[in-house]
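Visitor: Top line first, the protein sequences correspond to chains A and B. First residue of the first sequence? That's 11 in the working numbering, and the numbers climb one at a time after it. First residue of the second sequence? That's 8 in the working numbering, and the numbers climb one at a time after it.
Do not take every clue at face value.
[As the list claims (entries may be wrong)] List of simulated lysine-lysine pairs, DSSO-like, C-alpha gap at most 30 Å:
| # | chain 1 | residue 1 | chain 2 | residue 2 |
| --- | --- | --- | --- | --- |
| 1 | B | 99 | A | 40 |
| 2 | A | 193 | A | 230 |
| 3 | A | 230 | A | 207 |
| 4 | A | 231 | A | 205 |
| 5 | B | 82 | A | 40 |
| 6 | A | 205 | A | 193 |
| 7 | A | 173 | A | 193 |
| 8 | A | 207 | B | 86 |
| 9 | A | 231 | A | 193 |
[Said to hold, decoys possible] Here are some of the chain B residues that sit facing chain A, going by a computed Cβ distance under 8 Å:
| # | residue |
| --- | --- |
| 10 | 39 |
| 11 | 41 |
| 12 | 56 |
| 13 | 86 |
| 14 | 108 |
If you are wondering where the hints come from, they were derived from the structure by calculation, not from laboratory data. In this text, a Cβ means the ideal position worked out from N, Cα and C, and glycines have one as well.
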Amino acid sequence: MAESPPFFSGVPLTEQLDQVSDIELASSAKQGDEAAFAEIVRRYSPRVFQVASRFFRERATVEDAAQEVFLQAYTHLADFAGRGSLEGWLTRIATTTCLNLVRNVQRRPEGKLATLSADSADDLSNEEANWLDHQLADVAAARHRSAEESLVAADLTDRVLAKLSPDDRLVLLMVDGEEMPVKEVAETTGWSESKVKVQAFRARRRMREAIETLLTGRRKKSPDESESKK
Amino acid sequence: MSDNHILHLLDERPLSSLTATELGQITAHNANCDTCSSAYEAAQIAFALLQERSAVSVEPSPFFQTRVMAAIREKNQEKEADGILKFWQAAKALLTSMAAVVVLLTTLTIYTANTSSTEVSESSLSFNSDPAEAVIYGRANFDEVEITNSDALSDIYGIDLEDSDGK
Ligand SMILES: [Zn+2]
């Protein structure tokens, strides 16, 4: 007699788990089905990593944050009613969890990121200064940079953003960086749409002013620097 | 005039969403305003930086799923161990209180038994050493002396029977 294959929530395990719907996976995971939750992790890891990458740059930190997100999701599975998408639910948990992690890190004095003292451009590395010069020379060329230049830009962004609050950083990266619609940002953060708009307005102004100060300092410093380079 | 500056246009929405009319407005204004001109330059750099930063994303490693599932199992085991610990703590408290009650009851039982046996032996002792007669007659070694009927009556009634008989 042929043995019947093991079943997973009515679906034979021999069938690919990726054929199972999100709702069915969530409902099985709620009943303690580990295989179902493992499939959720596999399916949505890229999304959760993307969200965590808004807040952190180091691979180890992003992985730790992503793991925390899935642990939170596992603990609160019962709260997922299935009215919205599982991806949306996980994105919300990821955003809230990462925001809390950043706030906790910021509360600790050793957790403060290295920030630029925007009063002068002395803190800029050579690469960052070159990037800014290149940017000033041709703003339109911004989209055609090498991967290395992009990393320099990302580093510089993190240092500028480190001067802003976690909420400012989040809203800027979502609205301006990823060009997400205000409605979607509101759903993800749990803020009202008007709060998103006001937060983005203020954050944009703060970032613009920080860059302006940096540029002014850079221009004052430039003549000496070009002399010393010779 | 500050009212005519274009700063609000820079802060209101992402730069990429500005319309051609708005961009024309900015260019026209900036030709004669240094403040807005440098603000626009900074806004463009800020926008480019944010776009660059958003493009940088860490990809999950192939072991990430295994790592998360191991963490979940560990968490579940911790929860189980915690449950067992709590059960044992409750059981220990119950057993301790039960043991305390047993010890208390045993002590009370032994104490009560000792107290009553002491009373019995004490009364028997007093009966032996101080019989009622000894008290009445004020004689310690009653057994050694035999009391006659007349002795008893004279002690009780205060009458010297021998004398009265003699009279
Ligand atoms: Zn102006």
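Visitor: Indicate, hint by hint, whether the structure satisfies it.
Guide: Right, here's what the structure says about each hint:
Distance restraint check for residue 99/B and residue 40/A: the Cα-Cα separation of roughly 34 Å exceeds the 30 Å cut-off, and the hinted pair is therefore not satisfied. The suggested pairing of residue 193/A with residue 230/A is violated, with an alpha-carbon distance near 42 Å, which exceeds 30 Å. For the proposed pair residue 230/A and residue 207/A, the alpha carbon gap of about 35 Å is over 30 Å, so the pair is violated. Straight-line distance between C-alpha atoms of residue 231/A and residue 205/A comes to about 39 Å, which puts the hinted pair past the 30 Å bound.
For a cut-off of 30 Å, the pair hint linking residue 82/B to residue 40/A stands: about 16 Å separates their Cα positions. A threshold of 30 Å between alpha carbons decides the hint, and for residue 205/A with residue 193/A the separation of about 11 Å falls inside it, so the pair holds. The suggested pairing of residue 173/A with residue 193/A holds, with an alpha-carbon distance near 26 Å, which does not exceed 30 Å. This hinted pair does not check out: residue 207/A and residue 86/B have alpha carbons roughly 42 Å apart, beyond 30 Å.
Proposed proximity of residue 231/A and residue 193/A is contradicted: the alpha carbons are some 43 Å apart, above 30 Å. Hint status for residue 39/B relative to chain A: violated, with the closest Cβ pair at about 19 Å, above 8 Å. Because the beta carbon of residue 41/B sits about 12 Å from the nearest beta carbon in chain A, more than 8 Å, this interface hint is broken. Checking residue 56/B against chain A: minimum C-beta separation of about 4 Å stays under 8 Å; hint holds.
Hint on residue 86/B is violated. Least Cβ distance to chain A is approximately 10 Å, over the 8 Å limit. At a threshold of 8 Å, the smallest CB-CB gap from residue 108/B to chain A is about 41 Å, leaving the interface hint violated.
Of the numbered hints listed earlier, those contradicted by the structure are 1, 2, 3, 4, 8, 9, 10, 11, 13 and 14.
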